[in-house]
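Participant: Go by the hints and put chain B onto chain A.
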Amino acid sequence: MPGKRYRIIRVIGLRIAVIPMLLCILIILGNALGYLNPAATSQSSAIPGLSAAKPAPFWHSVYTSLVAIGTLHWGTGPQITRELVLRSLEISSILTFGSLFVSAVVGIPCGIFAALKPRNPLWQAVSAFCVLLGQVPPADMAVILIFTFSLGWHLIPLSYGWGSVADAILPIMTVACFNIGYMVKYTESGMREVMQRSFIAAARARGAGTASVVAHHALRPALTGLLTFLGPQTPMTLFCTVIAEQAFAIPGIGTMLGIKVTTYGAPAFGSGTTLSITLFIFGLFIMVLNLLIDIAYLWLNPLAD
Amino acid sequence: MSFAAISDWHQRASHGRKRRRRLAWRRFCRNGLPVIGLAYIALLFIVAIVGPFVTRQPTVNIFQANLSPSWAHPFGTGQYGQDLLTQIVRGLGGTLLIGVTGAAISVAIGLIVGIAAGVFGGIIDAVLMRFTDFAFSIPTLIIALFIVVVTGFSAWNVGLSIGLVTWAGCARMARGLALSVRNGTLMDSAILAGGSRWYIATRYVLPQIASNMIVFFVFQVASVLFQSTTLIALDPQYVPLTGGQLPPGSNLLLNLLNGGGGSYIGYRWLFWFPLGVYCSMVIALLWIGDGLQALLNPQQPLPRRWFATWPRLRTARGARG
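Residue numbers (the working numbering), protein chains in the order written: chain A, 1 to 305; chain B, 1001 to 1321.
These are calculated hints, taken from the structure and not from any lab test. Glycine included, each C-beta is placed from N, C-alpha and C at the ideal position. Do not take every clue at face value.
Stated by the list, open to error - Selected chain B positions facing chain A (in silico; Cβ < 10 Å): (1) Arg-1130; (2) Leu-1141; (3) Ala-1168; (4) Leu-1225; (5) Thr-1230; (6) Leu-1231; (7) Ile-1232; (8) Leu-1234; (9) Arg-1268; (10) Phe-1271; (11) Leu-1275; (12) Tyr-1278.
To be verified - Negatives, chain A to chain B, calculated, CB over 12 Å: (13) Arg-5; (14) Gly-98; (15) Lys-117; (16) Leu-122; (17) Trp-153; (18) His-154; (19) Ser-198; (20) Phe-199; (21) Arg-204; (22) Gly-207; (23) Val-213; (24) Val-214.
Just chain A, with the same shape it has in the complex (with noise of 0.2 Å):
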């Protein structure tokens, strides 16, 4: 489908396109709040004998942004180096992208065996209680799977900090369970919806089994509606990932955020510069995630030529 190809290209290209002029105004915002924070200039934030940090000035932070996350200067902090940064870039992406699978694996099957066995207890009880984990905090849920999976059941073992597969296991689960709760839902939903279609009765008629209708004929169709669901939460998905690293001791995109960083007599959070890089950099991931999803949607979606 050549048609279909250059479609798909060109609403990608588009996208990409965006991204910078995008970048370029969260930079902007990031600025224009710093000033509004009374923080970034006022000496009550300062430890006594300390004076307040002196706000940087605007090109300060579209230069270090611009640059392509070259080497920043944070607030009055440690120098966080190229390094460090495309370092938590990397961790934050292996949450972020394995929770995203491992919810899609465990979440979409359910979804579609709830919706194929509307009768069956065992499967409706499956699909309420993902939806239910999708509700849970995910820094209480961080709290219940380290005293289930570490200290109870001793399955994991528990260390804090990242460095082998073991670190990445707990953490992922947190994410993924908010992330199952809907793609549950909205599977189940979707598939509902699709297996009531009169091209389903048709391939039914021709002869398809269940399975085959599902596999070739309604799970497509089914998966649009989720996607078109997900692309706006994966800023929600992201700061799960935040949480998750808080609660783990992992040093991803959260640190970041320089909120636990106590930086004496600076404003650690809220002066243009360190508010416009951070925004900076959840925005370019918050972006590239939104990209792949919309890449996914033109895939899956059968009208998209």
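Facilitator: Relative to the frame of chain A, chain B by itself:
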């Protein structure tokens, strides 16, 4: 045709309306869960309103610290000896306030943007929708956190900050609905009748999309509550601006939720009771939302009823004059 026939037509229309309402209620009650959710949320609202008047601020008594649940303290006591049930009852109002305020603000902004885009069309539509796309791709919670840090930590400010940044989904949905109304013949007749844009937006478009927006509102309350737990877990009150003190008026269920994790070993009730109240509240909201969706969808099949609870309203055609 006599006058009686006209009056009869009116009666039949009113009966039809009543019957439609009954059918809608039956769709709402189809699997019982939405009714349970509605009753539970109503109970929580009553407790949140009445609670602060019948309970006192929980007193600090370190000799009563970390007691397990008993008849005197049904949910146990906290780290400083405060009764956990009292804390939950007094913190419930602020939590519901966060949800309702945030959802109301986001739905209001989203409705204005979406209806403006749908009704005006053209360049306004394009600009507003690009703006909405931008709002989708920014890290909203950082901006919400910043607003909380600047304005101070309280239930109003948390709800306000989350509402100000989460309107994009509502705007996109309202635009889609407004476009579907606009492309119908009703809009042509409104324009031919000389209605202004404001008149069309408020009298033609808004009433038609209001029901869908109510459903969206209910889901949005649950979503705002979830986002506020994440926001509070990032600890805006410990940012140096607020001096590390818990400010007054921040007695929230969500704070209990956040602090419970540290006392999981040994004092599990401090973790499970606030989490249970929060999760049951959100699940009840989701059930209500599902019920409202079923209510608005007349194509959904109703379960067969074995007996009729209302008298037959439509009389035989021959009986009428």
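Participant: Could you run down the list of hints and mark each one as holding or not?
Facilitator: Okay, the hints, checked on the actual structure:
no. : hint     : verdict
1   : Arg-1130 : 9 Å, holds
2   : Leu-1141 : 5 Å, holds
3   : Ala-1168 : 7 Å, holds
4   : Leu-1225 : 9 Å, holds
5   : Thr-1230 : 5 Å, holds
6   : Leu-1231 : 8 Å, holds
7   : Ile-1232 : 9 Å, holds
8   : Leu-1234 : 6 Å, holds
9   : Arg-1268 : 9 Å, holds
10  : Phe-1271 : 7 Å, holds
11  : Leu-1275 : 5 Å, holds
12  : Tyr-1278 : 7 Å, holds
13  : Arg-5    : 24 Å, holds
14  : Gly-98   : 19 Å, holds
15  : Lys-117  : 16 Å, holds
16  : Leu-122  : 17 Å, holds
17  : Trp-153  : 15 Å, holds
18  : His-154  : 16 Å, holds
19  : Ser-198  : 14 Å, holds
20  : Phe-199  : 18 Å, holds
21  : Arg-204  : 19 Å, holds
22  : Gly-207  : 27 Å, holds
23  : Val-213  : 21 Å, holds
24  : Val-214  : 22 Å, holds
In summary, the structure agrees with every hint in the numbered list given earlier.
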